[in-house]
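Number of protein chains: 2
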Amino acid sequence: MNYTKEKEIDGVLQRDFAIEVGGETVPCVIWLPKDASGSRTLIVMGHGGSQHKKTPGIRSRAVEYAQRFGWATIAADAPGHGDRITREEAERMAQEVGARVRGEAAGPAFDSDRMKQMAERGQKAVVEWKAMLDAVQALDEVGNDKGVGYWGVSMGTAFGVPFVAAEPRIDCAIFGLAGLREGANYMQEAAASITIPVEFVFQWEDAVAPREAGIALFNAFASKEKSMHINPGGHLDIPDFERDAWTAFLCRHLARD
Amino acid sequence: MNYTKEKEIDGVLQRDFAIEVGGETVPCVIWLPKDASGSRTLIVMGHGGSQHKKTPGIRSRAVEYAQRFGWATIAADAPGHGDRITREEAERMAQEVGARVRGEAAGPAFDSDRMKQMAERGQKAVVEWKAMLDAVQALDEVGNDKGVGYWGVSMGTAFGVPFVAAEPRIDCAIFGLAGLREGANYMQEAAASITIPVEFVFQWEDAVAPREAGIALFNAFASKEKSMHINPGGHLDIPDFERDAWTAFLCRHLARD
Chain U
1 MNYTKEKEID
11 GVLQRDFAIE
21 VGGETVPCVI
31 WLPKDASGSR
41 TLIVMGHGGS
51 QHKKTPGIRS
61 RAVEYAQRFG
71 WATIAADAPG
81 HGDRITREEA
91 ERMAQEVGAR
101 VRGEAAGPAF
111 DSDRMKQMAE
121 RGQKAVVEWK
131 AMLDAVQALD
141 EVGNDKGVGY
151 WGVSMGTAFG
161 VPFVAAEPRI
171 DCAIFGLAGL
181 REGANYMQEA
191 AASITIPVEF
201 VFQWEDAVAP
211 REAGIALFNA
221 FASKEKSMHI
231 NPGGHLDIPD
241 FERDAWTAFL
251 CRHLARD
Chain Y
1 MNYTKEKEID
11 GVLQRDFAIE
21 VGGETVPCVI
31 WLPKDASGSR
41 TLIVMGHGGS
51 QHKKTPGIRS
61 RAVEYAQRFG
71 WATIAADAPG
81 HGDRITREEA
91 ERMAQEVGAR
101 VRGEAAGPAF
111 DSDRMKQMAE
121 RGQKAVVEWK
131 AMLDAVQALD
141 EVGNDKGVGY
151 WGVSMGTAFG
161 VPFVAAEPRI
171 DCAIFGLAGL
181 REGANYMQEA
191 AASITIPVEF
201 VFQWEDAVAP
211 REAGIALFNA
221 FASKEKSMHI
231 NPGGHLDIPD
241 FERDAWTAFL
251 CRHLARD
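From first to last, the protein sequence lines are chains U and Y.
Just so we're aligned: the first sequence equals residues 1 to 257 in the numbering used here.
Just so we're aligned: the second sequence equals residues 1 to 257 in the numbering used here.
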């Protein structure tokens, strides 16, 4: 694996790399302790719509996990996101998505064109993230004998549920800010095939994920252990303390190392 | 305050005492570190239907909080419970409540007679628990200058919501395993007057608290910070990890000491 860029953040290495999947270059990043040697717990993170692989919420937790627990974290720019589009395209998308999640956009949050695009990108993401997992598990400082967790909310759930359903290497998953929609039967089927422990965070006044849709997705998971955390507020208002709950959840399930 | 009984449990004192309220003797208990001196964080716990003030779930957490954080915890036998009834009455009630929460009882979980009895006992409990709080805050080793948290699920919520609504000394509250029912408008009004942080734990297949009723109670709290934790399973199946979530919640809100 060739690193295209490397940066140190408070004792943690942030290394950019790229993989080739289906003729496309997929920009990825891994964070791990500077002096990492030997296998370790791995977290795969999926960013939200209009965000990118190093979005602050992902990067800050990746750094924290490396510092506190010695874990590695990986993320990729999703199809149509990050370094896979121009800066102008990213800015336009951020405005569109921002208006939608704040409830300021006209029309439905997800029309059929957008549903179709999400489904297609999700299928690509599943293949790409599997390849990313293959690549980093081949590293001595990651390996494949320790636990793997998944975290992703919003688009990170829309893509993450099919990914986790298709990926037996994931041991536990945090999802949220998403629901089951008419016309997305593949999501229901994917959720119904997930049996690993799941924590599902949900915002009660989310402009893009109605309550009933969120509860339907929570209900669809086949996991014996699944927790839904409902908090007041909109799509961008997840309380800070849920971050601690995610850490506790990941520690509980990946602490066998 | 006169202690009627005292026992040491791994460095923690468990002291029984009684208060007189409205001509009735209310059996109470306080747990605190053996060498406690000076004021400290206080937790008020309300037990479930058919249980008593030293029910294992309460006692074990009271001991843990004293050991780990130096907190004091108090609980009272609710009206019609614990040492306020005979052993035979307690056993009969435990069987009745057990059948109800396991979904094995015939008829509705709460008929109008039972609703009326719960409302009356709840009113008494509010007065008694206020008096209990007065009594222990007069102790040097508790005082009234530190935070006070409330924990109570099931009947501990049915009585706890009116108590917390009426008690400005409570800084944060954990409720659960209960819902808003037709004919219990006082619960809705009490919940609507609660603005302190609330954590609300709920079981998704609870035979005595339907989903819609639980969500309605969660919605009724006026608190800006409120979290609902939904888990699969019945009334008796709260996962162990929720205990850690309660501890984290209490620490977050009472750590100003």
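Among the clues, some could well be false.
Unchecked claim - A few chain Y positions that, by computed beta-carbon distances, are all more than 10 Å from chain U:
#1 Pro33
#2 Pro56
#3 Arg59
#4 Glu91
#5 Asp111
#6 Glu120
#7 Gln137
#8 Ala220
#9 Lys224
#10 Glu225
#11 Ile230
#12 Pro239
#13 Asp244
#14 Ala245
#15 Ala248
#16 Arg252
Stated by the list, open to error - So the derived list for chain Y, only partly shown, Cβ under 10 Å to chain U, looks like this:
#17 Met1
#18 Asn2
#19 Tyr3
#20 Thr4
#21 Lys5
#22 Glu6
#23 Phe69
#24 Phe200
#25 Lys226
#26 Ser227
#27 Met228
#28 His229
#29 Asn231
#30 Gly233
#31 Phe249
I should point out that these hints are in silico values taken from the structure, not numbers from a laboratory.
All values reported here derive from a predicted model rather than from experimental measurement.
Cβ atoms here follow ideal geometry from the backbone N, Cα and C, with glycine treated the same way.
Evaluation of the provided hints:
1. Pro33: 26 Å, holds
2. Pro56: Holds, since 22 Å exceeds 10 Å.
3. Arg59: 24 Å, holds
4. Glu91: About 33 Å separates Glu91(Y) from the closest Cβ of chain U, which puts it past 10 Å; holds.
5. Asp111: Asp111(Y) clear of chain U: closest Cβ-Cβ about 29 Å, beyond 10 Å.
6. Glu120: Since the minimum Cβ distance to chain U is about 32 Å, Glu120(Y) lies beyond 10 Å and the statement holds.
7. Gln137: 28 Å, holds
8. Ala220: 12 Å, holds
9. Lys224: 7 Å, violated
10. Glu225: At roughly 7 Å from the nearest Cβ of chain U, Glu225(Y) sits no farther out than 10 Å, so the non-interface label is violated.
11. Ile230: Incorrect as stated: the minimum Cβ-Cβ distance to chain U is 4 Å, not above 10 Å.
12. Pro239: About 7 Å separates Pro239(Y) from the closest Cβ of chain U, which leaves it inside 10 Å; violated.
13. Asp244: 6 Å, violated
14. Ala245: Its Cβ does come within 10 Å of chain U, the nearest being 7 Å, so this is violated.
15. Ala248: 6 Å, violated
16. Arg252: 6 Å, violated
17. Met1: Hint violated; Met1(Y) Cβ to chain U Cβ min 36 Å, cut 10 Å.
18. Asn2: Since the shortest Cβ distance to chain U is 41 Å, the answer is violated.
19. Tyr3: 37 Å, violated
20. Thr4: 39 Å, violated
21. Lys5: 37 Å, violated
22. Glu6: Interface hint status for Glu6(Y): violated (36 Å vs cutoff 10 Å).
23. Phe69: 17 Å, violated
24. Phe200: 9 Å, holds
25. Lys226: It holds, given that the least Cβ distance between Lys226(Y) and chain U is near 6 Å, below 10 Å.
26. Ser227: 5 Å, holds
27. Met228: 4 Å, holds
28. His229: Hint on His229(Y): holds, closest Cβ of chain U at ~6 Å, below 10 Å.
29. Asn231: 5 Å, holds
30. Gly233: Because about 9 Å separates Gly233(Y) from the closest Cβ in chain U, which is inside the 10 Å limit, the hint holds.
31. Phe249: 8 Å, holds
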